[in-house]
Amino acid sequence: MDQVGSGFSDFLQFLFMGLQRGSIYALVGMGYNIIYNSTGVINFAQGEFVVFGGLMMVTLTMTANLSIPLAFLLTVLFVTLIGVLMERFTIKPVKNPNVLRLIIITIAVSILLKGMAMCFWGKGSHYMRHFTGSDPIEVFGATLLPQTLWIIGILAVVVIGFVLFFNHTMIGKSMRACAINRDAARLAGINDRNMVMLSFALSAGIGAIAGIIITPIIQMDYTRGALLGLKGFGAAVVGGLGNSFGAVAAGMLFGIMEAMAAGYISSHYMDAVALLILLIVLFIRPSGLFGSADAARLREF
Amino acid sequence: MAQYPLLRISGLRKVFGGVIAVDDLDFDADTGSITALIGPNGAGKTTVFNMITGFLPPTDGEILFVERKIEKLPSHRVARMGVARTFQHVQVFSQMSVLENVMVGRHTRSKTGLFLSLLTPPFWRPEERRIEEKAREWLSFVGMEGIADRPAGSLPLGNQRMLEVARALAAEPKLLLLDEPASGLNARETLAMGELIGRIREMGITVLLVEHDMELVMEISDQVVVVNFGRRIAAGTPAEVQLDPDVIAAYLGE
Amino acid sequence: MERRDYIGIGVLLAMVIAVPFLVDNPYYLGVLVFTALNCLTCIGLSLLMGYAGQISLGHAAFIALGAYSSALLTTLAGWSPWAAMGAGAVISAVVAVIVGVPSLRLKGHYLAMATLGFSAIVHIVAIAAVDITGGPQGIGGIPYLSFGDLVLDTDIRFYYFSWAVVIIGLILALNLIHSRMGRGLRAIHGSEDAACAAGVHTALYKIQIFIISAVYASISGSLYASYATYIDPGPFDVMHSVLLVTMVAVGGMHRLWGAVIGAVLLSLLPEILSSFSGYFQMIGLDYSQDYDILIYGGILLAIMLFLPEGLFSGGRSLFRYLYQKFSPAEEEG
Ligand SMILES: Nc1ncnc2c1ncn2[C@@H]1O[C@H](COP(=O)(O)OP(=O)(O)OP(=O)(O)O)[C@@H](O)[C@H]1O
Ligand SMILES: [Mg+2]
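From first to last, the protein sequence lines are chains A, B and C.
To convert, count from 1 in the first sequence and add 147; that's the numbering used here.
To convert, count from 1 in the second sequence and add 50; that's the numbering used here.
To convert, count from 1 in the third sequence and add 492; that's the numbering used here.
With the rest of the complex left out, here is chain A (with noise of 0.2 Å):
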């Protein structure tokens, strides 16, 4: 390629798109951490919300035309929906709940729902327009598309709604206080089921967020949830688990480091950067980069 594009440029370009895709890893990160803190297990099935909310965001504008707004909000209500679902009838029933054992229970309804997406919205990728348009700005040589903003935007606006939910009402502090000592939060008068099935809710919530805005760039299909997953997991892990600052600075660095990847090196490998700095974390600081080594020593899931 000859294009004008300066080293600086090339540099910025693949920052756009890292800060992109890190904000996608750090909404599922952080829905990872939502479920993870008020049960202890990890959610096989966070990728699926991500491709529902994509898939319905499509049906919903593409098919219906209803408007983006309107049909963002009856798509994160769709998914919450199936968050409750799944909560209320795979892991509410499990009487005496091991981890291994709601652990494949998850990842038998993240298959379900992968089989489901296929049913639905058949094997081929979905194109979704961009929120505002697709044209796009030119920032020192390099293009940045306005959905990137979008994406940049929405995060910050969850990220900040977040804050204020667990700092500010009186649900978001019970389900602190569940997640930080269950016992006690029960002898104080907290209905810790009604946490869960909360916590799965917001977190397919979040997790359709991130599919709703990122299926204009990457054109979703029912089989992208298991990636996704797993870098969110990275994310999650790397942020340090149950830490959700930890998760969205961790996801911004899983996506610039893939994009660093795949501008500079192949983009056939890509994919592996996130499970290699997976494991070098694991590795060396497996509590994360931004977690306390004292905490995950004891942590479990």
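By construction, these hints were calculated from the structure, which means they are not laboratory data.
Treat the hints with care, since some could be wrong.
With a Cα cut of at most 25 Å, we get these calculated SDA-like pairs of lysine to any residue [stated by the list, open to error]:
id: 1; chain 1: B; residue 1: 224; chain 2: B; residue 2: 269
id: 2; chain 1: B; residue 1: 184; chain 2: C; residue 2: 678
id: 3; chain 1: B; residue 1: 122; chain 2: C; residue 2: 693
id: 4; chain 1: C; residue 1: 599; chain 2: B; residue 2: 120
id: 5; chain 1: A; residue 1: 270; chain 2: C; residue 2: 617
Stretch-level coverage of chain C by chain B, calculated; a stretch enters the list once three of its residues show a Cβ under 8 Å from a Cβ in chain B [claimed, not checked]:
id: 6; stretch: 670–680
id: 7; stretch: 683–690
Over 10 Å on every C-beta distance to chain C, these chain B residues come out as not near it, computed from the model [as the list claims (entries may be wrong)]:
id: 8; residue: 76
id: 9; residue: 78
id: 10; residue: 112
id: 11; residue: 150
id: 12; residue: 183
id: 13; residue: 195
id: 14; residue: 214
id: 15; residue: 239
id: 16; residue: 265
C-beta: ideal position from N, C-alpha, C; glycine also.
Following the hints, complete the assembly by docking chains B and C with the ligands onto the known chain A.
Only chains B and C with the ligands this time, still in chain A's reference frame:
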């Protein structure tokens, strides 16, 4: 050359977030003695056990066992050096038989590895037979040989506590840590436990005991270390400690 | 091994010998060969799930490592298929160490995600590294295994051979669980703390078991390559790993025999389903392999919710439950 005790704890500290669970604790346990570690609930006794056995890394301080620093070793290494323990909340392998529970206790005393295990059936392994024989011996030592084949989870608490002791003894440890061995036991069972601890000492095994039953503690201990809020507030023979004003204050509450 | 294990092996052996006299259709023999290969992988996976308490979502990738090692070393380097199988096993063991050590040193289920990622990478490499793996076209012309002059080039020969390997694999695994190490692993399951205090090196054992199970999968992959004589990336995807987990869970993950039963049942299920596809059409359902993902997902979910001990152990308790529920009612009435 200075003569070291079997176990020497010096300057031991453990901080959990904001909670100081153990604060600058020192004590020694001499070979063949029974040392009791007592104190009110939450005083940090179990935390001390967890640090000695490698379950928790100390924030600060030293643990010398047979003149080696062990505070940084993982629990299986500490076990191999000859430290065995029981748990405050009984931890038997409930799906396994009583005998198998004690056989697990022989773990550090046997060594068949991965390849031999794969390639030879159990009846070809002389070691397997020895493990079973020894396990049966230790079961009869605690008087449980009659129920060797029962699943451990089906036993009453008293038997489960005895089983934990048998499992720990099966490792033939130099140092045995007992965390509230009599809690939840009735008077008769408590008596039997006290008698058992006495027999353990006679075998030359050093015992470190955490227990709330003061009668038991005062009767069998050589040395009592009293902790409150993670700090040592008194130490000495049972008679000395009982008269210590600080101890009386801590127990009656200030 | 206990007496009933020997009885079980005797029964299995008798069935393996008898079946070809009942079915001599080569297609069904082929299905039974694939069943054997799944059995072998599942025995290893059951050691991991039932005894080390860990899940792998990457066993299909270890099968792929075995299969591609066999394929490449025999076709490109001219190795004997046996040596290639051994090399595949070594490679799988090394990869298991790389993936397993970081994830298994810790408590928790990091392994599931790490193997998922590893599996994705293997799949990508198999497709993208066209120069080596042949990409989506795959590799053909893989030589048959042979014992001297006896070449395993017919279905019936490979059938007996593959089931012999399964039985050997089963015996070795049974030896392992009835050993000091197996006891240590079961102890971890009962109380990890007490096991550690008794000197069980939990992390090391988990890693060793993971390596063993990876080697089982790898050998099953090598066998697959030399039976099919052609491989492509298709069968080695994450879905196959999930299917293997399902087999183990359906049979019952805390019993090695459960893995055998689960693998047999689920390997035969697609055949059973497609033989019923006529009936499905009559009630307006168009069965195709595409729906397998829903079927397996549904089975896995149902087993974990209602029969977490699996068919092998759960079947007995279920029977007892139904018996109590229905028979006394009649007596009372
Ligand atoms: N893993 C842990 N994480 C955080 N705090 C802990 C942990 N273990 C113990 N603590 C705290 O350390 C303090 C000492 O606890 P410890 O269990 O050692 O007391 P104890 O003397 O054994 O009490 P008891 O007689 O009730 O068994 C307590 O305040 C406890 O809440
Ligand atoms: Mg205690």
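Outcome of the hint check:
no. : hint          : result
1   : B:224 - B:269 : holds, 22 Å
2   : B:184 - C:678 : holds, 20 Å
3   : B:122 - C:693 : holds, 15 Å
4   : C:599 - B:120 : holds, 22 Å
5   : A:270 - C:617 : holds, 22 Å
6   : 670–680       : holds (count 9)
7   : 683–690       : holds (count 7)
8   : 76            : holds, 24 Å
9   : 78            : holds, 22 Å
10  : 112           : holds, 21 Å
11  : 150           : violated, 6 Å
12  : 183           : holds, 14 Å
13  : 195           : holds, 19 Å
14  : 214           : violated, 8 Å
15  : 239           : holds, 20 Å
16  : 265           : holds, 28 Å
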